[in-house]
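> As they're listed, the protein sequences go chains Z, X and C.
Take the position in the first sequence, starting the count at 1, then add 10; the result is the number in the working numbering.
With the working numbering, the residue at position 87 of the second sequence is 81, and numbering never jumps.
Take the position in the third sequence, starting the count at 1, then add 13; the result is the number in the working numbering.
What the hints contain is simulated information worked out from the structure, not anything from laboratory work.
Remember, predicted model here, so these are calculated numbers, not experimental data.
All C-beta atoms in this analysis are idealised placements derived from N, C-alpha and C, irrespective of residue type, glycine included.
Be careful, since some hints might not be right.
Unchecked claim - Per label pair, the in silico range of CB-to-CB distance:
(1) X:Ala32 - Z:Phe325: 35 to 43 Å
(2) X:Ala23 - Z:Val182: 51 to 59 Å
(3) X:Ile25 - C:Arg396: 18 to 26 Å
(4) Z:Arg36 - C:Val386: 41 to 49 Å
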Amino acid sequence: MAELYHRILKWLDERFGAGAVEDFLRHKTVPLHRYTIWYYFGGMTLFLFVIQVLTGILLLLYYRPTANDAFESVQYIVTQVRFGWLIRSVHSWSANLMVFTAFVHMFSVYFLKAYRKPRELTWISGMLLLFIVLGFGFSGYLLPWNTLAFFATKVGTDMAGFVPIVGKWILVFLRGGPEVTGATLTRFFGFHVAVLPGLATLLLAMHLLLVQQLGMSVPPSVERSIAEGRAQPRSMPFFPNFLLRDIIGWYVALGTLGALAAIFPWELGTKADAFAPAPAGIHPEWYFLFMFQTLKYLPAKIGFIDSELLGLMAFGLAGLVWLVVPFLDYKAGFGRVTRFFTGLGVFALGYMVVMSALALR
Amino acid sequence: MDPADRGQPEGAQPSRRWISLLLGSGVLASIASFLYPAIRYIIPPPLAESSSRSVVAAKVGDLKNNSGVVFKFGSEPGILVRLADGQYRAFTAVCTHLSCTVQYRADLREIWCPCHNGLYDLAGRNVSGPPPRPLQAYEVHIQGEDIVVSRSA
Amino acid sequence: MRKTIPSLVVLLVAIASPLAAAPKNSCLTCHAELEGPQGEPAKKFPSDVHNQAGLGCADCHGGDPQDDSMTAMSPAKGFRGAPKKTAIPEFCGKCHSDSNYMRRFNPGLRTDQLSQYWTSVHGKRLRQGDAKVAACVDCHSVHDILAVTDTRAPVYPTNVATTCARCHADAAYMKGYNLPTNQPAQYAKSVHAHALAQGDTSAPTCSTCHGNHGAAPPGVSSVENVCGTCHVINQQLFEKSPHQAAFAKMGLPACVQCHSNHEIVPPTDAWVGVGSNATCIQCHAAGDKGYAAAQRIAGDLAKLETFYQRAEDVLNTAERSGMEVSTPRVELVSAHGDLIKARVEVHSFNPGEVQKFTDEGTDISQKAYQAGVVALRERDTRRKGLGVSLIFIVLAIGGLYLKIRQMESTPANRH
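Kindly generate the complete structure, drawing on both the sequences and the hints.
Below you can see the structure in the form of structure tokens.
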């Protein structure tokens, strides 16, 4: 067995230098300190993304992206296809877990200042990936073509219409026409299974390459205590020590997904009907709730401006600030922790949690 | 790490084998339990139509001229009528009045709802009694031995 | 010479007239110039169904449409002028009662309207000289009369109630007739008005029950026949029931006794039984046979309703959990049919007959419920499958944990 393994390795090494990979794995280490736990969330998000790709491909075998067939085909998947209910529920639950772990990863990186020089590009590629994940969520929500998703998409794309000058154009681009119709479904399907996966793969490759190139970031506080001689720099080999721990985490995620899928199967609801009155309690997926709730609290008009436009501009601006935060907080690059940015992070996290909680109330 | 482990390098040998066995069987069995549903999923189910838009309502020869039969269409009943001249017609069997199941009356040559004596003609039009609307018509096609009824898109 | 010029004109006109698009009609030429009521008929007439049939003013009013002067309207030329109110029916009936004449225009049109009219309350009062009652033109309008098939016509099914209500809802106008004026408002709340508004033009309006030309309230004894023209099964059951004779003896108006006359709202199961909303307790009291029957019928209906609802709830839950339950669902449809049939059977007022349907429906509901329970149990076995997979996962995690511990116990691998 070991003999065969070595022969295969040798064969590969002679062709493309697999030894370099082995070398790389042997030398890659993960710093050990009291914040090491947060390093796991990136890998967890990646693992859930892989689950999404696999279950997504399986769903593609039976799903049909037209207004006439979409709902029926999902119904067929969950009622007729063996284990279809499981695949669909895992896809839905895993999507939500992935958004959650992506947010955890993002905030942990933010608070540990891991975005500081030289990792600005890692941060930006990660933020773009987060936006893509949200795009996956938004486009995927519509695909079962049920009433709730239909109206949530209507409201969600309406928002785009408030953008000045190009708003109408964006709205038509997203919907494939002035209204949410079968054309919207076809488009969202295209975004969900072709455009976004393509972009995500590119960005993911870049993100991972940068992480490997630069290694794991050590938080400034840990760095300082090492520099001051209060602590010893400790680390653990990535392979196999860290990876095995990663795998334990993935197994836990798999078990959780299976349990959620079996105990709380994702409901299908009723087929979307454009002419039916909007049902009570239209809401987007939970990760959009904080924006949804904010817009609800705003009065119809603030001064001369539509509050939707104002809210949208505020969120757009906040997103932009968040995206370029490594450049604003450049002092972190010299190991100086600025209170302001930590406070900003606490505020952002608190705002999202409180607003989402209010929406769910 | 554990002083107990460090203290007995000889005893590590069997325990190492046990750990490998546990790990190997656990990983293999769990992967099998993930692959099993996926493979079962890939094999198409017996009902190979993913839409509830058409159904085999009857076989050719099942119906005499001037007769009708109620069939299951998704989770609703439908009615297939063979006219006196041999033509087939199909409609929803859900009466537009209070959703009773309608039936074919050979003596009247009409579709009849037993609940309130509603009558529909053989084009599905409500001609007498309380029904407020015509019955929704379906398309009928003959495919080999099957009489296939489908909802028009 | 003076006489020859007009006669030349007449001659020219006579030669030219076959070439002209429409026959000469001097009535319209002059009356179109007039203001007020005398000009109105000329302005309205082009849209009139009689105009479209090729008839002109003179066909009703007489006179000579070829004559351009006032002499066109001389009795010598057969001019009859506008009829008095009391003369209107005969005025229209001159043609409309003449089968031979009407056949030329519309062979399918009935010609008995006039004779029917004289049997109506309107007709009888008109004969007595009451000019306030409705005659032909009050409902059909005049000079802009539209065919009954025209959706704009005041006598088109969806417009009838409004047309009748013009007088019958007007308390001031109806003063002295000792009639209520709330029937149009009551009718508007009825299931019939609702069906009509939904586009079912065969749904009954005022004239369906009261007659149109022979409009009169149906007598107490004929109510069940009137309702029975559509509600056939209900009528048949009622006529075989003990209520038929009892109601007749007491002078109660059959269907109307429970369902009301104009405000016929959708009935509910609460109408049957001995509850506070029940109609049965109007006559029946605790201890009599009818009271017991009402109690039994209401109980059976409620039982079926409960069982049906329970089955439907279970099937809904199963469906939402991704279980395939379309077969029991289709079967449950016939339980719903039984509920409807049982409600119709109530009109036999025979608990045994009603129970036949409720028992059948309850049975079917029970089976569908069982099928739903089985489907839910199937859902639970999925959880067992999950349990097995979870055991494997725990094994793998345990193995991994021990592997890490073992690996990191050797100094070479220590970090």
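> Against each hint, give a clear statement of whether it holds in the structure.
Consistency of the hints with the structure:
{"no.": "1", "hint": "X:Ala32 - Z:Phe325: 35 to 43 Å", "in the structure": "39 Å, holds"}
{"no.": "2", "hint": "X:Ala23 - Z:Val182: 51 to 59 Å", "in the structure": "53 Å, holds"}
{"no.": "3", "hint": "X:Ile25 - C:Arg396: 18 to 26 Å", "in the structure": "21 Å, holds"}
{"no.": "4", "hint": "Z:Arg36 - C:Val386: 41 to 49 Å", "in the structure": "59 Å, violated"}
The structure fails hint 4 only (numbered hints given earlier).
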